Structure formats: C-alpha cells, structure tokens
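K.L.:
Each chain, letter by letter, is given below.
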Amino acid sequence: MNTLTVGARTFELDKDGYLVDLNDWSVDVANALAAAESLALTPSHWEILELLRGFYAEFQLSPATRPLIKYTALKLGPEKGNSLHLNQLFKGTPAKLAAKLAGLPRPTNCL
Amino acid sequence: MSKSLLVISRQAPWSGPSAREALDIVLAGGAFDLPIGLLFMDDGVFQLAPHQDAKAVQQKDLGANLQALGLFGIDDVFACHHSLTARGLTHPVNAQPLSSEDISKLIDRYDQVITL
Amino acid sequence: MSTLHVVSHSPFTDSRLDSCLRICGSEDAILLCGDGAYGLRHPALQLKGVKVFVLAEDSQARNLPLPDWADSVDYPGFVQLSLDHDKVNTWL
Numbered sequence: 001m002n003t004l005t006v007g008a009r010t011f012e013l014d015k016d017g018y019l020v021d022l023n024d025w026s027v028d029v030a031n032a033l034a035a036a037e038s039l040a041l042t043p044s045h046w047e048i049l050e051l052l053r054g055f056y057a058e059f060q061l062s063p064a065t066r067p068l069i070k071y072t073a074l075k076l077g078p079e080k081g082n083s084l085h086l087n088q089l090f091k092g093t094p095a096k097l098a099a100k101l102a103g104l105p106r107p108t109n110c111l
Numbered sequence: 001m002s003k004s005l006l007v008i009s010r011q012a013p014w015s016g017p018s019a020r021e022a023l024d025i026v027l028a029g030g031a032f033d034l035p036i037g038l039l040f041m042d043d044g045v046f047q048l049a050p051h052q053d054a055k056a057v058q059q060k061d062l063g064a065n066l067q068a069l070g071l072f073g074i075d076d077v078f079a080c081h082h083s084l085t086a087r088g089l090t091h092p093v094n095a096q097p098l099s100s101e102d103i104s105k106l107i108d109r110y111d112q113v114i115t116l
Numbered sequence: 001m002s003t004l005h006v007v008s009h010s011p012f013t014d015s016r017l018d019s020c021l022r023i024c025g026s027e028d029a030i031l032l033c034g035d036g037a038y039g040l041r042h043p044a045l046q047l048k049g050v051k052v053f054v055l056a057e058d059s060q061a062r063n064l065p066l067p068d069w070a071d072s073v074d075y076p077g078f079v080q081l082s083l084d085h086d087k088v089n090t091w092l
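Chains as they are written, first to last, in the working numbering: chain B, 1 to 111; chain U, 1 to 116; chain C, 1 to 92.
Note that these hints are calculated values from the structure, not bench results. Hints should not be assumed to be uniformly reliable.
Stated by the list, open to error - In silico lysine-lysine, DSSO-like type, Cα no more than 27 angstroms apart, as pairs: (1) U:Lys60 with B:Lys96; (2) B:Lys91 with B:Lys75; (3) B:Lys75 with B:Lys96; (4) B:Lys15 with B:Lys91; (5) C:Lys87 with U:Lys55; (6) U:Lys60 with B:Lys15; (7) U:Lys105 with C:Lys51; (8) B:Lys15 with B:Lys80; (9) U:Lys3 with B:Lys70; (10) B:Lys70 with B:Lys80; (11) B:Lys96 with B:Lys80; (12) B:Lys75 with U:Lys60; (13) C:Lys87 with C:Lys51; (14) U:Lys3 with C:Lys87; (15) B:Lys91 with B:Lys70; (16) U:Lys60 with B:Lys70; (17) U:Lys105 with C:Lys87; (18) B:Lys96 with B:Lys70; (19) U:Lys105 with U:Lys3; (20) U:Lys105 with B:Lys96.
Note that the structure is a prediction, hence the values are computed from the model and not measured.
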C-alpha cells in the first residue's frame, strides 16, 4: 500500500499517489505530496490548488485539462487560464498533478 | 471533423449506473472537444429536479456534476417537454425543453445516438 | 435523415417503445427484438404508421403471428437495415 508520512502522521494513497481520503488534505500534506513530485509550491501554485478545491466543492468532480483551463480563465483571467501557464506550474500535466496536490480524486475523464 | 454524438439519458438518477454512465460519456467527449449533445427524457428528466440530496443515498452529487457541463464545452443540453410535464417538473435545471417533433429533428442533426 | 430504432423491451412493462414512437421521424423504422417482439401486439405501433420490423427468431420463439403492417427479418436482414439507415438508436 502507498502511504505518505508527514510529521507523526501517515496517510493512505492510491496506486497513482492520490489521497484515498480527501479529508486528509492539509497544507502540510500538499507540500509533502509536491516534494514527492520534486516540486516546491509557490504562491502561483497555491492559487491554482485553491481554485481546484473550489471547483471540486462546486461540481463534485476533478476537471480534465480543458475545463481546468476554462475555469481558471473565468476566475483568474486569461493570463493565468491558459495551457502554457498551467503546464509550466504542473510539469506539463496540470489536470492530473494539480488534482493530486489539491487532494482531489484523479480526473476520471482525463485518459 | 469529428462525428457528432447525441447522448439520450432516460434513467432516473439513483436507480442504477445509467445516469452516471451517460454523463461520463458526455464529459469525456467534451474533454476531447467532440461535438456532443445531451438529451434528458423519460425518467432521465428527474436528474434535473432541483435540491436533490445525493448523500442521503451515499451517491456522488450528479446535480453538481451537471452544473459543470458548460465548462466541459457541452452547451447543447435538452429535456423532453412531454417527460417533464408528465412528471410535474416545471423548473428543470439548465436544459432547454423540446417538443417530441423537435426531438425527432434533433436526432436527425447528429451523426450518432447513444440511448442509456 | 433516417434512424433505425432497436427496441428489446416489452411495451407492456416498459416505456421504451412508447417513447420511441413519440419521437420517431417519418423516415425512421423500428426493429423489435427480444421481448420487444411483443410490440407486435401493441396497437399504438400500427397507428403510428412507421415501418416495423421484427427479428424472426424472436417472434417465432414467442409464437407471435406477423401482422400485415410488420415485416420479419433474419440477422443478415438486421445488418442490412442498419446499413440502410443513417444511424442506429438502440434503446438500451
């Protein structure tokens, strides 16, 4: 079984490294998940992670890439809601990686 | 040019996997920018009833998912007027009501149809 | 544009055939198979004036006589009907 250890606590991950229990998510967990992906989270990352959590709260699903771009453009403007910006932040796979770091399930419509 | 697809969703939201599967087809198609339409008819229109509580039956919130259709590029969302009125649904969420004749024309417009 | 509607549920326990008839276009046809073959005893089907086909083995198994407003097809006939229409709508 995949696990993630943050301080004294251990969290269960699925085979792709996503949190099994979405309630386990915290800022520390996000930082640890990012570190496991060799990524240091900056304010530009956090902005997208918060946006994603908002998306999930509203629609109860993880967006594929296109809806993620569309939603980001809608909420943060086109200079951030474009594939270049999101690809740079999340190593070319924004829908999958950002969902993972935001503590959301793997996007089901993203093959 | 991709073939266009009309998905007809005609099962009630919590009766089995059909409603979820129809939505998954539509969202997957939308994510790939396929020309896709979604039509609710028969008990499928119950998916459009407001203020449902998916948690009460330990299900995912289909109604919330339906709100995301626009972001997935799905703008052609319709509901059978006959099915709506037969079930006393006067305020369906985010779907354009169509008469039986208009549904017949709608099906003609698409290259393929999947009814679930 | 024409659609072949494939219906495999009995109209006496299920709304599929009634809904299909409601939205059926003038160029469309209906193929009854499985318990859908009981549609041969459904008066509304005749009234609509749409082309009706039944899968021979399913009407034979149920001892359903073929009315003069319907035609019987075998599996190659089913395939040919699928090709003759622009699309197939299977009422799953």
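K.L.:
Taking only the CA atoms, is the gap from Lys60 (chain U) to Lys15 (chain B) under or equal to 27 angstroms?
P.N.:
holds (22 angstroms)
K.L.:
Please verify whether Lys15 (chain B) and Lys91 (chain B) have alpha carbons no more than 27 angstroms apart.
P.N.:
holds (20 angstroms)
K.L.:
Between Lys60 (chain U) and Lys70 (chain B), is the straight-line Cα distance small enough, at 27 angstroms or below?
P.N.:
holds (23 angstroms)
K.L.:
Is the straight-line distance between the alpha-carbon of Lys96 (chain B) and that of Lys70 (chain B) 27 angstroms or less?
P.N.:
holds (16 angstroms)
K.L.:
Between the alpha carbons of Lys3 (chain U) and Lys70 (chain B), is the straight-line distance 27 angstroms or under?
P.N.:
holds (23 angstroms)
K.L.:
With the threshold set at 27 angstroms, check whether the alpha-carbon distance from Lys91 (chain B) to Lys75 (chain B) stays at or below it.
P.N.:
holds (22 angstroms)
K.L.:
Between Lys105 (chain U) and Lys51 (chain C), is the straight-line Cα distance small enough, at 27 angstroms or below?
P.N.:
holds (18 angstroms)
K.L.:
So if I understand the rule, the pair passes when the alpha-carbon distance is 27 angstroms or less; does Lys87 (chain C) with Lys55 (chain U) pass?
P.N.:
Status violated; Cα separation ~39 angstroms.
K.L.:
Is the Cα-Cα distance between Lys91 (chain B) and Lys70 (chain B) 27 angstroms or less?
P.N.:
holds (19 angstroms)
K.L.:
Between the alpha carbons of Lys105 (chain U) and Lys96 (chain B), is the straight-line distance 27 angstroms or under?
P.N.:
Status violated; Cα separation ~39 angstroms.
K.L.:
Are the Cα positions of Lys105 (chain U) and Lys87 (chain C) separated by 27 angstroms at most?
P.N.:
Between Lys105 (chain U) and Lys87 (chain C) the Cα gap is close to 13 angstroms, so the pair holds against 27 angstroms.
K.L.:
Tell me if the straight-line CA distance from Lys87 (chain C) to Lys51 (chain C) falls inside 27 angstroms.
P.N.:
Roughly 15 angstroms between the alpha carbons, so the hint for Lys87 (chain C) and Lys51 (chain C) holds.
Figure legend: structure checked against the earlier numbered hints; hints not met, in rising order: 5, 8, 20.
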